[in-house]
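Which chain is which? The protein sequence lines are A and B, in order. Following this note's numbering, the numbering of the first sequence begins with 1 at its first residue and continues without gaps. Following this note's numbering, the numbering of the second sequence begins with 1001 at its first residue and continues without gaps.
Simulated from the structure, these hints should not be mistaken for laboratory data. A few of these clues could be false.
[As the list claims (entries may be wrong)] DSBU-like, lysine-lysine: derived pairs with alpha carbons at most 35 Å apart:
no.	chain 1	residue 1	chain 2	residue 2
1	B	Lys1197	A	Lys20
2	B	Lys1052	B	Lys1007
3	B	Lys1291	B	Lys1275
4	A	Lys20	A	Lys164
5	A	Lys7	A	Lys27
6	B	Lys1275	A	Lys20
7	B	Lys1291	B	Lys1148
8	B	Lys1065	B	Lys1148
9	A	Lys71	B	Lys1291
10	A	Lys27	A	Lys71
11	B	Lys1071	B	Lys1113
12	B	Lys1071	B	Lys1148
13	B	Lys1197	A	Lys71
14	A	Lys27	B	Lys1430
15	A	Lys27	B	Lys1148
16	B	Lys1016	B	Lys1291
17	A	Lys164	A	Lys7
18	B	Lys1113	A	Lys71
19	B	Lys1275	B	Lys1197
20	A	Lys27	B	Lys1197
21	B	Lys1197	B	Lys1116
22	A	Lys27	B	Lys1275
23	A	Lys20	A	Lys121
24	A	Lys20	B	Lys1148
25	B	Lys1071	A	Lys7
26	A	Lys71	B	Lys1116
[Claimed, not checked] Part of the chain B face toward chain A, derived, beta carbon under 7 Å:
no.	residue
27	His1180
28	Leu1247
29	Asp1283
30	Arg1348
[To be verified] Here chain B is said to cover these stretches of chain A; the calculated rule only asks that three of the stretch's residues, wherever they fall, bring their Cβ under 8 Å from a Cβ of chain B:
no.	stretch
31	112 to 120
32	179 to 192
33	213 to 220
Beta carbons are placed, not taken as given, at the ideal position from N, Cα and C, and that holds for glycine.
Here's the letter readout for the chains.
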Amino acid sequence: MYPIVHKQILSPTSKLMIVKAPEVARKASPGQFLIVRVDERGERIPLTIADFDRDAGTVTLVFQELGKSTKLMGTLEVGGGFRDVAGPLGHPSVIDNYGTVVCVAGGVAIAAIYPIARALKQAGCEVISIIGARNRELLFWIDRMEAVSDELTVVTDDGSYGDKALVTEPLKDLMASRAAEIARVYAVGPAPMMKFCSLTTLPYGVPTIVSLNTIMIDGTGMCGGCRVEVGDEVRFVCVDGPSFDGHLVDWDMLIARQDYYRDEEQQSVAHWEEACRLSAALGEV
Amino acid sequence: MPELTIKERLQSSRQKMPTLDPEVRRATFDEVALGYTHEAMILEAERCIQCKDPACVKGCPVRVKIPEFIKALREDDITRAVEEMKERNPMPAICGRVCPQETQCEALCVLGKQGKPVAIGRLERYVGDYEVHHRACPPTIRSAATGKRVAIIGAGPAGLTCASDLAIRGHDVTVFEALHDPGGVLVYGIPEFRLPKFVVQAEIERAVDCLGIDMRLNTIIGRTYTIEELLQEEGYDAVFLGSGAGLPILLRIPGMNLNGVMSANEFLTRVNLMKGYAFPEYDTPVKVGHKIAVIGAGNVAMDAARSALRLGTLRAQAVGGALPEVHIVYRRSEAEVPARREEFEHAREEGIIFDFLVNPVRIHGDEQRAVSGMQVQRMALGEPDASGRRRPMPIPDSEFDMDVDTVIVALGTSPNPVPFNHAAGLERSKWGTVVADEVTGKTNVRPIWAGGDVVTGAATVVSAMGAGQRAAISIDDYLRGAEW
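All chains, please: the whole structure from these sequences, using the hints.
Listed below in structure tokens is the structure:
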């Protein structure tokens, strides 16, 4: 078992866990992911490595409770743990002193952009960050992002914190005013957000690196479930990615493929909630 | 029972394997072949004429002492049969189920000349099953500890066999496995109805856990550790690479990335490793439509087709709707089908539809980017190609559409380079396989050995086991001071 040593509630739907997994921490780099499994019957869940501490032998995971597996993960507590943690997987983000870079993240992906922004800052880049969420409650790590950014813009869909805007709007303003000095853009978030970030930077020709989060099983190149079309090539997110040139990704195909198991995901949540209700009812008896 | 004459043995008939009724098995993942009864086992064992120079053994990649174990069975001495078996094969319950005996041991059996070879595979399974059901750790004689450490990459048939043999020879063995369960293709590829997972688990326990071999799951060589790190930082004296052929080969035709098109690897991994057939009791879903086309006709294609048939039938029973229609689409003819005969026949009995001499051209999609049909063309067989099989050639203007909503591609696999991408200088073939000596398993880089599908490309469980065994002999020699 891989023990949970710290748990923190970041927002009503996002949780952070620090998990003991020394072999993964030993090799982890920004931009990589790992795969966890809660128990014997669990799915293999790919999650970005939000942070790692080689000395303590721990990795930090941040996840949003969306489907059954992530809801179940949310019920785990310090003292408990995961049956399986495997990684690090995928290629690390390519980090260098590029000059001025923009880091964009939406929602729970703030946790994924953070180690990238930090590494870019450490490499000497001027880091401009844009983070956003649906509302104030879903925002987290503003302080952490501030610490690794030269400029930070925070927006919410409903205007409950920062400007009322989508992250693409400040990005568009930046492109309009300073595209020439921006070496590259890193965008992490839901597929539609990364799609529109890529479309925003495309006319300016600013290289845009996205981190894809597709359906995956093994995470080692075995199943091909994570395949995407990038340019004219079929690539596997797990072994060729997860970072790709956002201007070349076939976004509509990617989004369609992410939705393939939607019905089953709902069925799984319903099945689990029913089981929880039953066991609660039995407990009362 | 009075001793039979040779003539009586030659004339005896092969004992049939009892199987679940095809109607029943369409709707269950329970095992199809039920195994011999004690009576059938004795009758079958009696058929062996105990050749002085047994040909059957030469057909076996691990050289099982076939006449010896069958003689022990005939004398109803199961303990001795197990011992004779285990001298060469640590996993008889698995091999008895999945080996292509008709092209190996049984193909060379003297009784085969009349078309009725001794059912060596079924007897082997009987021996294996006895141990699976009756014994915990068997007594093993181990050589004195050598203090040498060997890293085995991949807990599939090649790696497990190599690990077991090296542990018996006194070495300290660690197996690194990327997935969360050991077994490799035995757990992610071969379905429950052909190879129950409790059998795999039990044989791995006896072959590996009983010998104190350290099994490190969730450890991806090439990511968590590189081969170089194992040798230089982690203190291993030798490495055996048995990482298999895990990379799916996909078709290069339009529509391959539509929803509803899957590699057989993905489909079978969802079904087998993740137990998708038990969704939502298990969390990983697997879905098939109502009209399924499986491309290819090897064992993996049969496994995929029969799994899809079961999933569709179980769904129809649970929530109604039409029974599934499952096609195997193969560009050659029935004579060239590469699957084991038994799998092919089981598939046919269960109602899989075989479309021979048909090749996919493109997959059609709807507005949701899901499969809505498949254009195929008819083929004819021309002159033999490099593989010795007649080359399929498209018949002009023979295209037609098949009404399908799911396409599973089972056209083979190639080695996954992740484990050895970082191993500088390791020689590879143009097919992406690792080059290793056929007898010793040595690669061009000391001290790295390789064997199984990573060297041969997708082959059989038992040929991988044979490679693991031969490499173990070479590794043992090396660790005891022989020259590289």
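Discussion item. Please verify whether Lys1197 of chain B and Lys71 of chain A have alpha carbons no more than 35 Å apart.
Written reply: OK: Lys1197 of chain B and Lys71 of chain A at ~29 Å, within 35 Å.
Worksheet item: Does Lys1197 of chain B pair with Lys20 of chain A here, judged by a C-alpha cut-off of 35 Å?
Response: Judged against 35 Å, a Cα distance of about 30 Å means the pair holds.
Worksheet item: Is the hinted pair Lys1071 of chain B and Lys7 of chain A satisfied, with a Cα-Cα distance of at most 35 Å?
Response: Violated. Lys1071 of chain B to Lys7 of chain A sits at ~62 Å, over the 35 Å cutoff.
Worksheet item: Does the alpha-carbon distance linking Lys1275 of chain B and Lys1197 of chain B stay inside the 35 Å limit?
Response: holds (10 Å)
Worksheet item: Given as covered by chain B, does the stretch 112 to 120 of chain A meet the bar of three residues or more with CB within less than 8 Å?
Response: violated (count 0)
Discussion item. Checking one constraint from the list: CA of Lys71 of chain A to CA of Lys1116 of chain B, max 35 Å. Satisfied?
Written reply: violated (58 Å)
Discussion item. Check the hint pairing Lys1275 of chain B with Lys20 of chain A against an upper bound of 35 Å on the C-alpha distance.
Written reply: The given pair, whose Cα atoms are some 27 Å apart, holds under the 35 Å limit.
Worksheet item: Does the alpha-carbon distance linking Lys20 of chain A and Lys1148 of chain B stay inside the 35 Å limit?
Response: Within the cut-off at roughly 30 Å; holds.
Item to complete: Mind checking the alpha carbons of Lys1052 of chain B and Lys1007 of chain B for me, to see if they're no more than 35 Å apart?
Response: holds (16 Å)
Worksheet entry | Holds or violated: Lys1197 of chain B to Lys1116 of chain B, with C-alpha atoms at most 35 Å apart | Roughly 31 Å between the alpha carbons, so the hint for Lys1197 of chain B and Lys1116 of chain B holds.
Worksheet item: Regarding the pair Lys27 of chain A and Lys71 of chain A, is the alpha-carbon distance no greater than 35 Å?
Response: Since the Cα atoms of Lys27 of chain A and Lys71 of chain A sit roughly 28 Å apart, the hinted pair holds (cutoff 35 Å).
Worksheet item: Keeping to a limit of 35 Å between CA atoms, is the pair of Lys1113 of chain B and Lys71 of chain A held or broken?
Response: Answer violated: Lys1113 of chain B to Lys71 of chain A is near 62 Å, above 35 Å.
Checked against the numbered hints above, the structure breaks hints 4, 7, 12, 18, 25, 26, 30, 31, 32 and satisfies the rest.
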